[in-house]
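*Asks:* The listed protein sequences derive, respectively, from chains F and S.
Mapping of the first sequence onto this note's numbering: position 20 corresponds to residue 20, and the numbering continues sequentially without gaps.
For any residue, its number in this note's numbering is found by taking its place in the second sequence, counting from 1, and adding 1000.
Hints in this document: simulated from the structure, not taken from any laboratory.
Some hints here could point you the wrong way.
[Said to hold, decoys possible] So, partial list: chain F residues that the calculated Cβ filter (under 10 Å) puts toward chain S:
(1) Gln361
(2) Ser365
(3) Gly367
(4) Lys374
[As the list claims (entries may be wrong)] In silico BS3-like pairs for lysine-lysine, Cα to Cα no more than 27 Å straight-line:
(5) Lys180/F <-> Lys248/F
(6) Lys1177/S <-> Lys353/F
(7) Lys1177/S <-> Lys374/F
(8) Lys374/F <-> Lys1060/S
(9) Lys377/F <-> Lys1035/S
(10) Lys396/F <-> Lys1085/S
(11) Lys1035/S <-> Lys353/F
(12) Lys377/F <-> Lys1080/S
Quick caveat, the model's predicted, so the values are computed rather than measured.
Cβ atoms here follow ideal geometry from the backbone N, Cα and C, with glycine treated the same way.
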Amino acid sequence: MKFLRLPDLESLKRVRGLTDDSLSMFARYRMTMVVLGLILSWLGLSWIVLICERGDPTAQINTPAKALWWGIVTFMTVGYGDLTPVTTAGRVAAGLLMFCGVTSIGIISAKISAYFLKQVLLEGRGAVDTTKIRHHFIICGWKEDMQDLVRHILQVNRNIKAAQIVIVASRTPEQITSFKADPKLEPATIINGEYYQQATLERAAPQSARKVLILADTSTGADGRKPNATEADARTIMTAIALSNIAKSTVVAAEIIDPSLDHYLKMAGVGEIIYPREYSRLLLGSASSGTGLVNVFHDLVDPRTGAYITTQPIDQRWVDTTYGVFRTEFQNLHTDMLVLGVLENTGNPHQIKELAFQEAQRTPSIGRLIENLKGVKSLRCNNPVFHPRDDFRIGKGCAAIVLFNEHAASAHLNGPDRPASRDTVAA
Amino acid sequence: MAIPQPTHTFTGSEPGGESFVAWLNRVRLFHDIHKEPGAIDSIAALMSPLEFTTGTTLLKEGAEGSEAFFLMSGKVKVLKSIAGKEAFPVALLDAKDHPFFGEAALLQNDVRSATIRCESDGRCLVLQRRDFEIFCHDHPNWALPIIRKIGCVILERLHHANNDIGLLYNALVSEVKG
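Here chain S stands alone, though its shape is the one from the complex (with noise of 0.2 Å):
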C-alpha cells in the first residue's frame, strides 16, 4: 500500500501555521534547539502538514523510508511482528504527548521497525531526509543536537534488543541443556 504523500510544503503564511512552531517546540527531538530563534521555524518551513484518516498505515514494518512523521493531532498505533509473524501491537501514541515516529529516516534509507497505523482521523506534520539533510548542510549547529538526539532514541532501542538477545540465549541454553 502505498505512503499517504504529503500534499504540499508549508509556506510560513500558512493559515495556522503559527501552531505548527509552538507544537514543535514541544517535540522533544527539538528539545536542545527549542531556544535557539528562528531554529524552529527553520526546521518547520521544511515540514508539510499530512491529513489521514481512521485505519491508514503511515509506516510498514519493513518497507523502506524516508520521512519523519510528527504527530499533531489524533492517535496512531504501533505494531510489531517478530520474525515476520503476526504483527502485535506495542503501544497506542496520542498527539498530546508529541511522540514523532520514523525519526531512523532522517539518517538514512533505513527499512522502517514497525507499522504505524492510524486509529483515529487527524493530523501529522512530514519530514523529508533530502530536506532535512539541506537543513543540516546550512545550519550544523542546529542539526547537531537533533542527531544526537536520534542517536540516543537508537540506542535506546539497542540496549532493548541487546536485552532480548541476553533473554533467548539464556533460554536457548536451558532448553538445548535439557
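Only chain F is shown next, with the shape it has when bound in the complex (with noise of 0.2 Å):
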C-alpha cells in the first residue's frame, strides 16, 4: 500500500525545491484518502458486527446507533465495554475492526510527525516559503560577526522583532544552526541561496518589506571560497539592481566597499550607501588630528550613551516656511533635542523621483518645463544640509537632524512633550 510509506530524507531533500503550498496539497490529498478509508471501515466493520449480532437474543449491539457508538469506542481503541459482541462472527468483525484502527491511529500520527519534522528541516536548510510575509527587514549577504551585527540592528531598532529579519546568504546547513544557536536569533528566517540572483530575491519578498540591506560580502561563502572586495562590490551592485526591477518601491541601504562605484548604486535607486573603508579612514584621521572628534563619535554611535543623532520628520505645516521660523518653533517644542540641520529629500529615491517628476509637468511654459525636469535629474535623495541659514526654505518631504539625548531628556520632565523614542529611526 504506497500511501502507507513515510517521506525519508531523499525525498526531503527533492522537496527543498517545492514550494510548501504544492507539497501539502498533495499530503493533504493522502490524508483524504486516509480518513476517507478509516470512516469506511469503521461504518462497514459496524454494520458487519450489527448484522452478526442481530441474530442472537442475547446481544447487546442490536440497533444501529449502539452499533456506530460501539464502532467508533473500539476503532479509536477506547474500549468502554459498555456493549460487546456475543457471537462469535460478531467477535471475528469486531477484531479486524481493532486491527484498522489501531493501525490508522498510527498511521495519523507519523502522517503528523512527519509535517512537522519537514517544516523543521527545511528551516534548517534555510529552504522555507516565505513569500507571504510581510513588513520584514531583509539582510543581503553574510558578516563574519553576523550574530553580533543582528544583535546590534535589534538592540538599535527597538521596534523590530528577531521574527521580522530575513537573511538571503549562501550558508551551510551547519553555518544556519551555529547562527541560530543564539534564542535571541532563532526567530530570523535565512533563506540559503546567493543573494544577489534575482530568483533567490524574490523568495524574500522584497516588494512587501520595510527596508533592504545589502552588506558587502567578504565572508567566507559555502563553497570555502572568500570573494574580494571587487566581486562583494559587483554583488552588491546586481542586487541593488535586481531590486530595483522587482521591489522599486522599498527603501535599500547598501555598504559599497570602493567608494568610487557608488555611482551604480545611486543610479539603482540606492537610497543610503555606507562605506566602510572611508569611515574607518576618517575616524584614523580625525583620531590623529587630536580634536578629540573619535570619542564624540564614538558616544554618538554608542547606544549605551544615550546621545544620538536621528531625524524627525518635519509637519506639513512647516513646508515652504523657512528654516529659521521652523527651528524656533521647534526648539520651543520639544527642549531635549537640539536641531543641527534638514535632511532634504526624504524617502524611497524611486517615489520621491517620481512626485518631483510629475510635479515638474504642472507648467504651461516648455522653457520652465525644461528647468524643472533638469532639476529632478539632479535631485538628490537624503541630502542633508547642516545648520542653513535661516532663510532656507523647507521643502516637501524634507526632515529635521536632530541630536538627542535620552539622559538628558528625563531631566526635562518638566516639559510636556515626551521625548521621540529612537523606533522613529527605523526604516
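Dock chain one against chain two, each of which comes alone in its own frame, and use the hints as you go.
*Replies:* Rendered as C-alpha cells:
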C-alpha cells in the first residue's frame, strides 16, 4: 500500500525546491484518502457486526445507533466495555475493526509528525517559503560576525522583532544552525541561496519588505571561497539592480567598499550608501588630528550613552516656511532636542523622483518645463543640509536632523513633550 | 460642454448700442480702420452681445470654433495644456485692456489653442465667421487691415512656438548625448 510509506530524507532533499503549497496539497490528498478509508472501515465493520449480532437474543448490539457507538469506541481503542459482541461472527468482525483502528491511529500520528519534521528540516536548510511575509527587514549577504551585527540591529531598532528579520545568504546548514544557536536570533528566517540572483531575492518578498540592507559580503561562502572586495561590490551592485526591478518602492541601503563604484548604486535607486573603508579612514584621520572627535563619534554611535543623532519628520504645516522660523518653533516645542539641520528629499528615491517628475510637468511653459526636468535629474535623495541659513526654504519631504540625548531628556521632565523614541529612526 | 450661444443679433437701435461702437474703437484688431467712417459701425452691427457668469467656459482647447470674442466687461482666465496633460493658467485677461480671443476662427474653422474660462460675471461681443466673411465680401478695403492684424497675432504665436522648439531641440540633444 503505497501511501503507508513515510517520507524519507531522500525525498525531503528533492522537496527542497518545492514550495510549501504544492507539497502540503499532495499531503492533504493522501490524508483525505486515509481519513475516508478510516470512516468507511468504521461504518462497514460496525454494520457487519450489527448483522451478526442481530440474530442472537442475548445481543447487546442490536440497533444501528448502538453499533455505531460501539464501533467508534472500539476503533479509537477506547473500549468502554458497555457493549460487547456475543456471537462468534460478531467477535471476528470486532477483531478486524480493532486491527484497523490501531493501524489507522498509527498512520495518522506518523503523518502529523512527518509534517512537523519536514517544516523544521526545511527551516534548518534555509528553504522555507517566505513569499507571504510582510513588513520585514531583509539583510542580503553575510558578515563573519553576523550574530553580533543582527543583535546590534535588534538592539538599535526596538520596533523590529527577530521574527521579522530575513537574511538571504549562501550558507551551509551547519552555519545556519550555529547562527540560530542564540535563542534571541532563532526566530529569524534564513533563505539559503545567492543573494545577488533575482530568483533568490524574490523568495524574500522584497516588494512587501520595509527595508533591505545589502552587506559587502567578503565572508567565506558555502563553497569555501572568500570573495575579494571587487567581487563583493559587484554582487552588491547586482543585488541593488535586481531590487530596483522587483521592489522599486522598498527603501534600500547598501555597503560598498570601493567608493568610486557608488554611482552604480545611486542609479539603482539606493537611498543610503555606507562606505566602511572611508569611515574607518575618517575616524583614524580625526583621531590623529587631536580634536577629540573620535570620542564624540563614539558616544554618538554607542547606544549605551543615550546620545544620538536622528531625524524627525517635519510636519506638513512647516513646508514652504523658512528654516529660521521652523527651528525656533521646534526648539520651543522639543526642549530635549537640538536641531542641527535639514535632511532633504527623504524616503524612497524612486518615489521621490516620481513625485518630483509629476510636479515638474505642472507648467504650461516649455522653458519652465525644461528647467524643472533638469532639477529632477539632479535631485539628490536624503541630502543633508547642516545648519542652513535662516531663510532656507523647507520643501516637501524634508526631515529635521536633531541631536537627542535620552539621559538628558529625563531631566526635562517639566516639558510637556515625551522624548521621541529611537524607534522613529528605523526604516 | 456646449459653448453658450449669443442671445440675439445686435441691431443699431439696441439700448447702449453707442457704447459698443466706442468700445470696439479701442480694440487693437480694429486699430487700422477705426478712423474710417462707418467701418466700426458696420462691424458692430454683425456682433451679438453675450452675458456670462463665473465659471462658464467660453472656449475649450481642442474643440472646433467659428467665432471670435471681444471682452467688454469682467475677467477671464486663459488656460493651456501641453501634450494633452493638465491645463495650467497662462494669463488673466481684464476687460479694461480691450482683449479679444478666438480671432483665428475668423479665418477658418480652427481648433482652439487654449481654454477660456470666466473668472467673473461679465459680457462680451461675439462675431461669427460667416458674418465676417460677408463683411469681407462687402467691404474688402476694411476687411484687409483686420485680417492683416490677425495675421500678425498668429505670427507672434509662431515665433513663440519656434522658440519653444529650439529649447526642446537643445534639451533633447543634450539629454541623448548624456
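*Asks:* Work down the list of hints and note, for each, if the structure agrees.
*Replies:* Here is how each hint holds up against the structure:
A hinted interface residue such as glutamine 361/F counts as satisfied when its beta carbon comes closer than 10 Å to some beta carbon of chain S; here the least separation is about 6 Å, so the hint holds. Taking 10 Å as the C-beta cut-off, the interface hint given for serine 365/F holds, the closest approach to chain S being about 8 Å. This hint holds: glycine 367/F has a C-beta 6 Å from the nearest C-beta of chain S, less than the 10 Å allowed. Nearest Cβ of chain S to the Cβ of lysine 374/F: about 8 Å, under the 10 Å cut. The hint holds.
Note on lysine 180/F and lysine 248/F: the hinted pairing is violated, with a Cα-Cα distance of about 31 Å set against a maximum of 27 Å. Between the alpha carbons of lysine 1177/S and lysine 353/F the distance comes to roughly 22 Å, so the proposed pair stays at or under 27 Å and holds. Between the alpha carbons of lysine 1177/S and lysine 374/F the distance comes to roughly 14 Å, so the proposed pair stays at or under 27 Å and holds. The suggested pairing of lysine 374/F with lysine 1060/S is violated, with an alpha-carbon distance near 31 Å, which exceeds 27 Å.
The straight-line distance between the Cα atoms of lysine 377/F and lysine 1035/S is roughly 56 Å, outside the 27 Å bound, and the hint therefore fails. Taking the CA atoms of lysine 396/F and lysine 1085/S, the gap is about 23 Å. The hint holds against a cut of 27 Å. Taking the CA atoms of lysine 1035/S and lysine 353/F, the gap is about 59 Å. The hint is violated against a cut of 27 Å. Distance check on the hinted pair: lysine 377/F and lysine 1080/S sit about 25 Å apart at the alpha-carbon level, within 27 Å; holds.
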